[in-house]
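J.: Here is how the chains run, residue by residue.
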Amino acid sequence: MALETLALLLVLGAPLVTTLALFVLPRRLQPVARWLAGGAAALSLAAMFALIPALRRGDVPAIALNWMPAAGIQFDLRIDWLTLPFAITEGAVTLLAIIYAWGSEANDERAPYFYGLLLLFAVGMAGTTLADGMVLFYTFWELMLLASCALILVWGHTSGSGPSRRAVALKYFIFTHLGSLMVLVSLVILYNATGTDRFSALRAGVTLAPGIVTTVITLFILGFCVKMAIFPLHIWLPDAHTVAPMPVTIMLAAAMLSMGAYGILRFPMSIFTMEQMQPFAVPMMILGILSEIYGALMALAERDIKRIIAYSSVSQMGYILYGMGTLTYNGIAGATLHVIYHAIVKALLFMVVGLVVYVTGKRNIDEVGGLARRMPVVTACAAIGILAIIAVPPLCVFDSEWMIFAGGLETPYVTLSVITIFGSLLTVAYALWFGSRIFLGKDPAETTDTTLGPVSDRAPTRAKLPLAMVAPSVLLAALAIIEGVFPAPLFDWVAHELPMLLGGRW
Amino acid sequence: MSPDNSGVVLPFIILVGGAFAIYLIARLVTSRNEWLAVLTAAVFAAALGALLALGRAPGSAAPTWGNTMAGVSGMGSVILQADHGAVFVGSIALAMGLCVAVYSGRYLSLDHRYRTYYPLLLLMVAGLLGMVMTTDLFNLYLFTELMSIAAYVLVAFRRRTDTSIEAGFKYLMMGTVGTLTLLMGITLIYRETGVLTIPQPIVAPGVWARAGLACIWVGLGIKSAIVPLHTWQPDAYGRAPSSVSALLSSMIGPFYVLLKLTLALGFPARDLGLGLMVCAMVNMLLGNGMALMQTHTKRLLAYSSIAQLGYVMFSVGVGLRYELPEAVQAGFFLLAAHAAMKGLAFLSKGVCHFYDHTTLVEQLRGTFRRLPVVAVTFSIAIMGLIGIPPLAGFTGKWFILTEVWRAADGWVYAGSVVFLLNTLLSLGYYLPILAMLFSPLPTPDTPPPVQVSRWMIVPLVALALLVIALGVYPGPLWRWAGNVLTF
Numbered sequence: 001m002a003l004e005t006l007a008l009l010l011v012l013g014a015p016l017v018t019t020l021a022l023f024v025l026p027r028r029l030q031p032v033a034r035w036l037a038g039g040a041a042a043l044s045l046a047a048m049f050a051l052i053p054a055l056r057r058g059d060v061p062a063i064a065l066n067w068m069p070a071a072g073i074q075f076d077l078r079i080d081w082l083t084l085p086f087a088i089t090e091g092a093v094t095l096l097a098i099i100y101a102w103g104s105e106a107n108d109e110r111a112p113y114f115y116g117l118l119l120l121f122a123v124g125m126a127g128t129t130l131a132d133g134m135v136l137f138y139t140f141w142e143l144m145l146l147a148s149c150a151l152i153l154v155w156g157h158t159s160g161s162g163p164s165r166r167a168v169a170l171k172y173f174i175f176t177h178l179g180s181l182m183v184l185v186s187l188v189i190l191y192n193a194t195g196t197d198r199f200s201a202l203r204a205g206v207t208l209a210p211g212i213v214t215t216v217i218t219l220f221i222l223g224f225c226v227k228m229a230i231f232p233l234h235i236w237l238p239d240a241h242t243v244a245p246m247p248v249t250i251m252l253a254a255a256m257l258s259m260g261a262y263g264i265l266r267f268p269m270s271i272f273t274m275e276q277m278q279p280f281a282v283p284m285m286i287l288g289i290l291s292e293i294y295g296a297l298m299a300l301a302e303r304d305i306k307r308i309i310a311y312s313s314v315s316q317m318g319y320i321l322y323g324m325g326t327l328t329y330n331g332i333a334g335a336t337l338h339v340i341y342h343a344i345v346k347a348l349l350f351m352v353v354g355l356v357v358y359v360t361g362k363r364n365i366d367e368v369g370g371l372a373r374r375m376p377v378v379t380a381c382a383a384i385g386i387l388a389i390i391a392v393p394p395l396c397v398f399d400s401e402w403m404i405f406a407g408g409l410e411t412p413y414v415t416l417s418v419i420t421i422f423g424s425l426l427t428v429a430y431a432l433w434f435g436s437r438i439f440l441g442k443d444p445a446e447t448t449d450t451t452l453g454p455v456s457d458r459a460p461t462r463a464k465l466p467l468a469m470v471a472p473s474v475l476l477a478a479l480a481i482i483e484g485v486f487p488a489p490l491f492d493w494v495a496h497e498l499p500m501l502l503g504g505r506w
Numbered sequence: 001m002s003p004d005n006s007g008v009v010l011p012f013i014i015l016v017g018g019a020f021a022i023y024l025i026a027r028l029v030t031s032r033n034e035w036l037a038v039l040t041a042a043v044f045a046a047a048l049g050a051l052l053a054l055g056r057a058p059g060s061a062a063p064t065w066g067n068t069m070a071g072v073s074g075m076g077s078v079i080l081q082a083d084h085g086a087v088f089v090g091s092i093a094l095a096m097g098l099c100v101a102v103y104s105g106r107y108l109s110l111d112h113r114y115r116t117y118y119p120l121l122l123l124m125v126a127g128l129l130g131m132v133m134t135t136d137l138f139n140l141y142l143f144t145e146l147m148s149i150a151a152y153v154l155v156a157f158r159r160r161t162d163t164s165i166e167a168g169f170k171y172l173m174m175g176t177v178g179t180l181t182l183l184m185g186i187t188l189i190y191r192e193t194g195v196l197t198i199p200q201p202i203v204a205p206g207v208w209a210r211a212g213l214a215c216i217w218v219g220l221g222i223k224s225a226i227v228p229l230h231t232w233q234p235d236a237y238g239r240a241p242s243s244v245s246a247l248l249s250s251m252i253g254p255f256y257v258l259l260k261l262t263l264a265l266g267f268p269a270r271d272l273g274l275g276l277m278v279c280a281m282v283n284m285l286l287g288n289g290m291a292l293m294q295t296h297t298k299r300l301l302a303y304s305s306i307a308q309l310g311y312v313m314f315s316v317g318v319g320l321r322y323e324l325p326e327a328v329q330a331g332f333f334l335l336a337a338h339a340a341m342k343g344l345a346f347l348s349k350g351v352c353h354f355y356d357h358t359t360l361v362e363q364l365r366g367t368f369r370r371l372p373v374v375a376v377t378f379s380i381a382i383m384g385l386i387g388i389p390p391l392a393g394f395t396g397k398w399f400i401l402t403e404v405w406r407a408a409d410g411w412v413y414a415g416s417v418v419f420l421l422n423t424l425l426s427l428g429y430y431l432p433i434l435a436m437l438f439s440p441l442p443t444p445d446t447p448p449p450v451q452v453s454r455w456m457i458v459p460l461v462a463l464a465l466l467v468i469a470l471g472v473y474p475g476p477l478w479r480w481a482g483n484v485l486t487f
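Here the protein sequences come in this chain order: H and C.
Just so we're aligned: the first sequence equals residues 1 to 506 in our numbering.
Just so we're aligned: the second sequence equals residues 1 to 487 in our numbering.
A portion of the hints provided could be inaccurate.
One-sided excerpt, in silico: chain H residues whose CB lies under 10 Å from chain C [said to hold, decoys possible]:
#: 1; residue: Ala71
#: 2; residue: Leu143
#: 3; residue: Leu153
#: 4; residue: Leu170
#: 5; residue: Ile174
#: 6; residue: Leu181
#: 7; residue: Met182
#: 8; residue: Leu184
#: 9; residue: Leu202
If you are wondering where the hints come from, they were derived from the structure by calculation, not from laboratory data.
Where a beta carbon is used, it is the ideal one built from N, C-alpha and C, also for glycine.
With these hints in hand, go ahead and build the complete structure from the sequences.
T.: Now the structure itself:
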């Protein structure tokens, strides 16, 4: 058991200690900050993988310390099958985002703080998934918010007309904190009703008055929907995603949003039974559909390429909520798979957007075009990402959406399922439009510049791109294909979580 | 009087004796600020030690000390009692006094009036200590005056600035009305019962006692800044030297005495609880609403104190109304945690003012570059006040929420909604401070970092560590905050 304990400590300890080291790093060591950060993220991810054999043996690696005996509050870390997909997604996204940052961010004297805060953000997310005590969970949940907010505040990029970094950070913090408070209220009610703050103990079953059950579940779902940016609680997302520097955006979109999904699976869907959750199925499905369609429509209407992908997150989170709302085996498994696949695809698309901005310096979709000739590798990655998000068959998202739709059709609400399936057409529209406008056609800058002679005569100049930015993109594109063709290992992980949900139906 | 209990009066004697001794030393021996600060800190530490030594005896009756010259119906006697609540409230003020004294070793060095400053600090805390320890209504009035008069002078300490004179004068006017009303209340109660002891030998208060109680509520309500009697506080906290503001915000004696006295007069705890809950909601809403509009950092912090007192009153009110001692305990936990956090915030702000003459929130820009340690301690204080886990403020709020919801009642739910809404509302003014602390200056050339004096760094770091420690390991304070109020 000692090895597992060590690995569990490393998952949080490696990035946390590195963060502290980075904050007090002597100035002459500043160039190694990025390597330290990358190393810590890799170590944390490796530690998560090292825990899988124990899980396969049926163990539940855990650390339990008495934290606040006065209030019966524990410092419990625990990894189980429900945690694992989310933790590994978070760890992998962090590692790739940090590698991407090597290329995209200036390595100036503020870099140690930047990487330190990225790691702190990662600690927040990893801790959120690993915590097994309510206070500990909330602590990490807020740490995640605080670190990301600081990153937006200090390193955000604002365009001239947009809102200031301060305004965006403030809005992000206040709105997300509203969600946190709803979650906190539910946690306190549960704590009062059961006298334990350990939520693995709650799975045994909680007896609460029916009225309180409704309140608790409602507040949990609403609170976590804020984090997931479900319409109409999404309004913090487009600004925060747009203003944040690209590595932070990648972590926000690909990892942090899914913490909301984790929360819904971990709290209402683990603690309560199918009968207690049944009244919330249709509201969750409807919210999911609204979010799916609204996000896609807004993505169609946007001109800022970063905002298009940001709104696409609103849409994709809609699928996840819908899948969980079906309360079926396929729907929930599909939603969890979608969390992982969405992370792959969304990180890929944001990386591509970052590369486009890196090359052109422009974010308005009207001012870019014809980039396929200048950056063919990136275009290929983008094509895979776009086709994946459309859910074209051999690519990964197809698998998860298939399962979500299958789950939807198992429910009595066939109309809702049909709307979801046809709603996904909107994704096709914005994704293809996004790709064709950026990579195909003519570069508006070139066509208007007549001094260079006829456009057709010119040889395309290949843009020079940092390897640190291209390599993660290629890796993710490859993952999108591999996961689509061989979903079995991941599906195997996800399938293990289902017996823990909804009173052990499966 | 048994000689064993003479220790009860010791903290008080140390403080008052120290005040006179330090004044004499300042006149006759040395008027170096550093020496006086060290001496004052030593006096505070000795008094704190003496007071904590009284609190040791567990379970036994509270040690009492009194003189024997009691005349007609106990008039003219001085009786001090070191019950648990008095030790708790007094220790908080003494501990903050210790921090403030060390801090003043540098903070005050530009003011040139140390001779009166340090004795006044000691007298103010002595007054507070007397207030919470006395078991005699007339003594209570005297100690309240002692505390108040010292406080008026300290608020107006920078007498060359008009604004601090204005704030001090406003405080003086309102405070005097408060103490006079308190005196009138005491007179009315004496008319009904004929004795001045606390608790009073009455089961149900009659009409005079009720009128007297109303007067006491007004009098002590002013002192503890309960809305709508709070109007002096933003001026006083905002214009006093930051060290004084920090000490004032940890002096929770009047609020404690108000509760203790109301219960001691036989007023039903249930009704007191309801009254507190209603006042709490007003305090929260007004405090946070006004804080949102402030541009001066210290005024903002003062309004935030009003709101935080609202949180405390809510928890204590619920506890009194529904007989939940743990809710009262949670309220006093937050009160102590708030003293540490707000003290830290004021002291950090004071350093910014000392080196950069900042008064507005806007001017805190670039603090992280210039005063990195102060920016960190200030943000710990602010994050604690927001209630970010695992800092003291969050733990306090967690205790309040868990304990308060043991009572299932409409008032509790309404109050909780207001409480949570206000937590959200308060982000609107706390977050800009955080943002400003870490924002770079608009001009490209940032002034170099300042070497902050050790006199200031030590109390700041100590308080910051305390705020973290109380959040991460709240057990000792939680137990200590129990049984502060018996009802």
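J.: I'd like to know which numbered hints this structure contradicts. Please list them from smallest to largest.
T.: 9
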